[in-house]
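Student: Take a look at the letters that make up each chain.
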Amino acid sequence: MHKVEHIRNFSIIAHIDHGKSTIADRILDLTETISQRERRDQVLDDMDLEREKGITIKSKAVRLLYNAENGHQYIFNLIDTPGHVDFSYEVSRSLAACEGALLIIDAAQGVQAQTIANIQMALENNLSIIIIINKIDLSTANPNKVKEEIKKIEGLKDSPVFLTSAKDGRGIKEVMEAIVKYIPYPRGVINNPLQALIFDSIYNSYQGSIVYLRIVNGEIKPGMKIQTMSNQKTYEVNEIGVFTPKRKKVSQLSVGEVGYLAAGFKDVSLTKVGDTITDANNPSEKRLPGYKKVSPVVFCSIYPVENEDYQNLKYALDKLSLNDSSISYIAENSPALGFGFRCGFLGLLHMEIIQERLEREYQIQLIATTPSVVYRVHLKNKQVVEINNPSSLPEVNNIDYVEEPFIKLTVVLPSQFLGGIMELVQDRRGVFQNLEYLDQDRARLIYNLPLNEIMLDFYDKVKSISKGYASIDYQISSYQTSPLTKVDILVNQEVVDNLSFISHKDKAHLRARKLVENLKTVIPRQMFDVPIQAKINQKIIARSTVRALKKDVLAKCYGGDITRKRKLLEKQKAGKKRMKKVGRVEIPQEAFMSVLKVD
Amino acid sequence: MNISLYIHIPFCNSKCPYCDFYSIVPDDEALKENYLDALKREIIIYSQKYPQINIQSIYIGGGTPTVLKGQQIFEIIQTCFDKFNVNKEIEVTIESNPESFNYDKAQNIFESGINRISIGAQSFNNKLLESIGRIHDKHAIIKSYQIARDIGFNNINIDLMFGLPGQSVIQFMKTLEKAILLHPEHISIYSLSVEPKTIFSKLFKKGTLNIPSDDIVYEMYKNAITILQDNEYEQYEISNFSIQKKECFHNIRYWKNCPYLGVGASAVSYIEKNRYKNISDVNKYTYFLKHNILPVETKEVLPLKEEMSETVILNLRMMEGIAKQDFINRFNVPIESIFGKQLSYLKENKLIESNDSHYFLTERGIFISNTVFVEFLN
Numbered sequence: 001m002h003k004v005e006h007i008r009n010f011s012i013i014a015h016i017d018h019g020k021s022t023i024a025d026r027i028l029d030l031t032e033t034i035s036q037r038e039r040r041d042q043v044l045d046d047m048d049l050e051r052e053k054g055i056t057i058k059s060k061a062v063r064l065l066y067n068a069e070n071g072h073q074y075i076f077n078l079i080d081t082p083g084h085v086d087f088s089y090e091v092s093r094s095l096a097a098c099e100g101a102l103l104i105i106d107a108a109q110g111v112q113a114q115t116i117a118n119i120q121m122a123l124e125n126n127l128s129i130i131i132i133i134n135k136i137d138l139s140t141a142n143p144n145k146v147k148e149e150i151k152k153i154e155g156l157k158d159s160p161v162f163l164t165s166a167k168d169g170r171g172i173k174e175v176m177e178a179i180v181k182y183i184p185y186p187r188g189v190i191n192n193p194l195q196a197l198i199f200d201s202i203y204n205s206y207q208g209s210i211v212y213l214r215i216v217n218g219e220i221k222p223g224m225k226i227q228t229m230s231n232q233k234t235y236e237v238n239e240i241g242v243f244t245p246k247r248k249k250v251s252q253l254s255v256g257e258v259g260y261l262a263a264g265f266k267d268v269s270l271t272k273v274g275d276t277i278t279d280a281n282n283p284s285e286k287r288l289p290g291y292k293k294v295s296p297v298v299f300c301s302i303y304p305v306e307n308e309d310y311q312n313l314k315y316a317l318d319k320l321s322l323n324d325s326s327i328s329y330i331a332e333n334s335p336a337l338g339f340g341f342r343c344g345f346l347g348l349l350h351m352e353i354i355q356e357r358l359e360r361e362y363q364i365q366l367i368a369t370t371p372s373v374v375y376r377v378h379l380k381n382k383q384v385v386e387i388n389n390p391s392s393l394p395e396v397n398n399i400d401y402v403e404e405p406f407i408k409l410t411v412v413l414p415s416q417f418l419g420g421i422m423e424l425v426q427d428r429r430g431v432f433q434n435l436e437y438l439d440q441d442r443a444r445l446i447y448n449l450p451l452n453e454i455m456l457d458f459y460d461k462v463k464s465i466s467k468g469y470a471s472i473d474y475q476i477s478s479y480q481t482s483p484l485t486k487v488d489i490l491v492n493q494e495v496v497d498n499l500s501f502i503s504h505k506d507k508a509h510l511r512a513r514k515l516v517e518n519l520k521t522v523i524p525r526q527m528f529d530v531p532i533q534a535k536i537n538q539k540i541i542a543r544s545t546v547r548a549l550k551k552d553v554l555a556k557c558y559g560g561d562i563t564r565k566r567k568l569l570e571k572q573k574a575g576k577k578r579m580k581k582v583g584r585v586e587i588p589q590e591a592f593m594s595v596l597k598v599d
Numbered sequence: 600m601n602i603s604l605y606i607h608i609p610f611c612n613s614k615c616p617y618c619d620f621y622s623i624v625p626d627d628e629a630l631k632e633n634y635l636d637a638l639k640r641e642i643i644i645y646s647q648k649y650p651q652i653n654i655q656s657i658y659i660g661g662g663t664p665t666v667l668k669g670q671q672i673f674e675i676i677q678t679c680f681d682k683f684n685v686n687k688e689i690e691v692t693i694e695s696n697p698e699s700f701n702y703d704k705a706q707n708i709f710e711s712g713i714n715r716i717s718i719g720a721q722s723f724n725n726k727l728l729e730s731i732g733r734i735h736d737k738h739a740i741i742k743s744y745q746i747a748r749d750i751g752f753n754n755i756n757i758d759l760m761f762g763l764p765g766q767s768v769i770q771f772m773k774t775l776e777k778a779i780l781l782h783p784e785h786i787s788i789y790s791l792s793v794e795p796k797t798i799f800s801k802l803f804k805k806g807t808l809n810i811p812s813d814d815i816v817y818e819m820y821k822n823a824i825t826i827l828q829d830n831e832y833e834q835y836e837i838s839n840f841s842i843q844k845k846e847c848f849h850n851i852r853y854w855k856n857c858p859y860l861g862v863g864a865s866a867v868s869y870i871e872k873n874r875y876k877n878i879s880d881v882n883k884y885t886y887f888l889k890h891n892i893l894p895v896e897t898k899e900v901l902p903l904k905e906e907m908s909e910t911v912i913l914n915l916r917m918m919e920g921i922a923k924q925d926f927i928n929r930f931n932v933p934i935e936s937i938f939g940k941q942l943s944y945l946k947e948n949k950l951i952e953s954n955d956s957h958y959f960l961t962e963r964g965i966f967i968s969n970t971v972f973v974e975f976l977n
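Those protein sequences? They're chains A and B, same order as listed.
Counting in my numbering, the first sequence runs from 1 upward without gaps.
Counting in my numbering, the second sequence runs from 600 upward without gaps.
Rather than coming from a laboratory, the hints here were simulated on the basis of the structure.
Warning: the hint list may mix true and false statements.
Unchecked claim - Straight-line alpha carbon distances no greater than 30 Å define the calculated DSSO-like cross-link-like pairs of lysine-lysine that follow:
| hint | chain 1 | residue 1 | chain 2 | residue 2 |
| --- | --- | --- | --- | --- |
| 1 | A | Lys556 | B | Lys687 |
| 2 | A | Lys556 | B | Lys773 |
| 3 | B | Lys940 | A | Lys567 |
| 4 | A | Lys556 | B | Lys889 |
| 5 | B | Lys801 | A | Lys556 |
| 6 | B | Lys777 | A | Lys567 |
| 7 | A | Lys314 | A | Lys233 |
| 8 | A | Lys147 | A | Lys173 |
| 9 | A | Lys576 | B | Lys801 |
| 10 | A | Lys567 | B | Lys773 |
| 11 | B | Lys821 | A | Lys565 |
| 12 | A | Lys173 | A | Lys152 |
| 13 | A | Lys581 | B | Lys855 |
| 14 | A | Lys573 | B | Lys898 |
| 15 | A | Lys576 | B | Lys855 |
| 16 | A | Lys520 | A | Lys505 |
| 17 | B | Lys904 | A | Lys577 |
| 18 | B | Lys845 | B | Lys773 |
| 19 | B | Lys737 | A | Lys556 |
| 20 | B | Lys801 | A | Lys550 |
| 21 | A | Lys382 | A | Lys535 |
| 22 | B | Lys742 | A | Lys565 |
| 23 | B | Lys777 | B | Lys876 |
| 24 | A | Lys565 | B | Lys805 |
| 25 | A | Lys571 | B | Lys804 |
| 26 | A | Lys550 | B | Lys923 |
| 27 | A | Lys573 | B | Lys687 |
Since this is a predicted model, take the numbers as computed values, not measurements.
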């Protein structure tokens, strides 16, 4: 057994594409325990989606043995964290399981919004930060400029800086020694009651939820009775072990160690990230700090394109939530779209990932409605209700006021794009907070704005305005009162609930007009005129009309054509079948997406 | 067995960018000769396979049948008359294109027993003709029409297209007037449809094919019906108009869903509830027949349900509509017991009407006939 003085627990934090995976690879090269073949699975993100999007969704851990120059062998526990703002709580808990962090910055691209967010989180968890300026092999690398940028960031004064090229291996050995030298060993008391921090868990069909944990105090052994402190439930430890990266059973985990635990947890909702595991017979008095219940921030409705797929969709959501307790879903029924689910997610990316997984892994074609934030509605009778679906906004007469979530948005960008980005954010109801220059031509911009305003094509706009050079990050800051109003859409005099939206009063008219015009182009002409109207309360604020179908004729149909012409008609019929009938009007599924396209 | 005969000539002097019928531009005479030999063999095989058939009408289409020599056309018809039981009085049509039609050829055609000519005019506007890839001008149309008349044809059709790229309503009306001035017995008007895999479809996808909007095409069609009717051309099918008793008998048999035999590359046959399609490749077609093998590429067996749907849809294309008694005679059940729901739904929406004997499209139903037809599909 290793002494606790020879354990180092650390994370690698980086902006997307700054070289996190390759640095990890190089570190593995200089340690024992991993064969080439196993490595690929562990170190690279293994879900297709993770690889494509360059992000980690689940945390991972790997235990490495490093023979330092001082002659001692060290245990390195490298914890890989989800890299996106949607998962910032998960990231913060993973960081809480560490004493140090390797902060990687691309030598050519410099500090990015996510870099700053990551630094702040690491500092909040009192981690020792080792700065790595990577990709110095690039011809565009400018490490000195990056060093200047770093100086401007608070809290990094004492952090050592290393220059590396993960590609050719330069500087990696120095980083390894720095891990030994600068990152403190875990402090904890073995004789205290057990406190272990859950920083992730994955579902396994044989063992249920397998918890990833860090022992803070005490120790844990198989057969022990343990308790999850958030809900006081008791379990018996079946198996504990470490990641080599394959799970390898051990007979005990002690102070400072990182490993896994299986105790017959039915699913991951019982093993919440940030929760504390303690000894049921000798419980700790206090939970580890920082636990919170994560609740979904973004909601949308998901319906199967084919009604028959409803059961499959339910099954798929059940399955996905076994491994991701942050998804919420409640069955709902819409006259227009049939049976589906109102789903909650941690953020837009999380939503996108789940939608893609449903379509890709479960082969269910989906219609997803416009995402909505959670509104806090204060009623005149002093009740407060939270709604996540515009159509369920209470009667306007009963509403005192409505609050919506605001975010603190950080944009890091070349200063030539400042004007364009500021204009965009102002249009999205942004309130300027701060501007700092990172160096001569790069700035950090901070705005306060409603979360709702970044729901639709905000990322794309930022990218196109800044030619891809701006990076953004945000965190939810507070709920604030806004003059909001609900707009209902009527198709042929009937309200189509899935098309309703909530908007700032000043923007409602324009958005309603655009949507109504949009729908006009998406809804095919029917046998009669179809009026499309937008209304606030009882007042119509925008209208358009889909004129009755005038011409739908196949000019030629002779002997040789019949089969083909029939197939054309069959196609037309199939297209009709896929449309959703609201009253007498057939509405294609794109209509429900077209709400998304209204800027 | 009463049957119609279709003969496909898959050759053209140049390919039109909107056309998706199978045809090639032949590079030598031998190709055509070999093809005609194969065609004759196919006719002979069928005449032996179905000795009981009785030809009700013949239609030579393409491609451009008039790219053949007059003598070659003569021989094809000769073969048909020799090998099949053919009533001398039947309608025999040939499609002709103005650029490949001359007096001598017309003479041969007339003498072969062909008694109806369909001229692929498409437009009387030279600019439009050029833009849709036609290699003739309006004078060639008029000239070939006159030749046909002079030789003695008393049943001539003029094919016109509308909804062409850049075409205005007025332009089409002018074309229509010029056609009417020639006094053909029959006029067909087809709205352009962009067919997959054609050059037009590529342009359409690129967004460079400037076709008129549905509303304009609707205006063209609507006005055309009025003008033609004012000039004694009665609409008897969605795209077809004729003076009295000069309806195309061959095509009416298609719309009554009667059996037909199609010979030639890519031709389709409908015999005994099966639909066969010949291979769409002149060389393979010729090769198969050299070995006395029928060059069938696909066979489609039509289930009763589909036969019923098709019968209704095809008949409804005709203004007369579908005869209730014909349906009973063919399927032994009244049409209402199969399609009662659809018929009453369409009647409610004023897309079809009925009288004692028939169901037929209303004026509105004609314009959106596809919307009507899809109701009859399973």
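Student: Determine for every hint whether it applies to the structure shown.
Tutor: Each hint tested on the structure:
Only pairs whose Cα atoms come within 30 Å are accepted, and lysine 556 of chain A paired with lysine 687 of chain B is accepted, the gap being roughly 29 Å. Between lysine 556 of chain A and lysine 773 of chain B the CA atoms are separated by roughly 22 Å; this keeps the pair inside 30 Å, and the hint holds. Of the supplied pair hints, the one linking lysine 940 of chain B and lysine 567 of chain A holds, its CA atoms being roughly 22 Å apart against a limit of 30 Å. Note on lysine 556 of chain A and lysine 889 of chain B: the hinted pairing is violated, with a Cα-Cα distance of about 33 Å set against a maximum of 30 Å.
Distance restraint check for lysine 801 of chain B and lysine 556 of chain A: the Cα-Cα separation of roughly 21 Å lies within the 30 Å cut-off, and the hinted pair is therefore satisfied. The suggested pairing of lysine 777 of chain B with lysine 567 of chain A is violated, with an alpha-carbon distance near 36 Å, which exceeds 30 Å. Restraint check: the Cα-Cα separation between lysine 314 of chain A and lysine 233 of chain A comes to about 28 Å, which is no more than 30 Å; the hinted pair holds. A C-alpha spacing of about 20 Å is found between lysine 147 of chain A and lysine 173 of chain A, which places the hinted pair at or below 30 Å, so the restraint holds.
Restraint check: the Cα-Cα separation between lysine 576 of chain A and lysine 801 of chain B comes to about 26 Å, which is no more than 30 Å; the hinted pair holds. For the hint linking lysine 567 of chain A to lysine 773 of chain B, the alpha-carbon distance of about 35 Å lies beyond 30 Å, and the restraint is violated. In summary, the hint linking lysine 821 of chain B to lysine 565 of chain A is supported, as the alpha carbons are separated by about 23 Å, within the 30 Å threshold. Between lysine 173 of chain A and lysine 152 of chain A the alpha-carbon distance is near 27 Å, which keeps this suggested pair within the 30 Å criterion.
Between lysine 581 of chain A and lysine 855 of chain B the CA atoms are separated by roughly 34 Å; this puts the pair beyond 30 Å, and the hint is violated. As the CA atoms of lysine 573 of chain A and lysine 898 of chain B are separated by approximately 24 Å, the hinted pair is consistent with the 30 Å bound. Between the alpha carbons of lysine 576 of chain A and lysine 855 of chain B the distance comes to roughly 27 Å, so the proposed pair stays at or under 30 Å and holds. For the hint linking lysine 520 of chain A to lysine 505 of chain A, the alpha-carbon distance of about 23 Å falls within 30 Å, and the restraint holds.
Distance hint between lysine 904 of chain B and lysine 577 of chain A is fulfilled; the C-alpha atoms sit about 19 Å from each other, no more than 30 Å. Taking the CA atoms of lysine 845 of chain B and lysine 773 of chain B, the gap is near 24 Å; set against the 30 Å cutoff, the hint holds. The suggested pairing of lysine 737 of chain B with lysine 556 of chain A holds, with an alpha-carbon distance near 23 Å, which does not exceed 30 Å. Among the hinted pairs, lysine 801 of chain B with lysine 550 of chain A is consistent with the structure: their alpha-carbon atoms are about 26 Å apart, no more than 30 Å.
The straight-line distance between the Cα atoms of lysine 382 of chain A and lysine 535 of chain A is roughly 27 Å, inside the 30 Å bound, and the hint therefore holds. Our distance criterion of 30 Å between C-alpha atoms is broken by lysine 742 of chain B and lysine 565 of chain A, whose separation comes to about 35 Å. This hinted pair does not check out: lysine 777 of chain B and lysine 876 of chain B have alpha carbons roughly 38 Å apart, beyond 30 Å. Between lysine 565 of chain A and lysine 805 of chain B the alpha-carbon distance is near 25 Å, which keeps this suggested pair within the 30 Å criterion.
Simply put, lysine 571 of chain A and lysine 804 of chain B have alpha-carbon atoms about 19 Å apart, close enough for the 30 Å limit, and the pair holds. Only pairs whose Cα atoms come within 30 Å are accepted, and lysine 550 of chain A paired with lysine 923 of chain B is accepted, the gap being roughly 28 Å. Distance check on the hinted pair: lysine 573 of chain A and lysine 687 of chain B sit about 44 Å apart at the alpha-carbon level, beyond 30 Å; violated.
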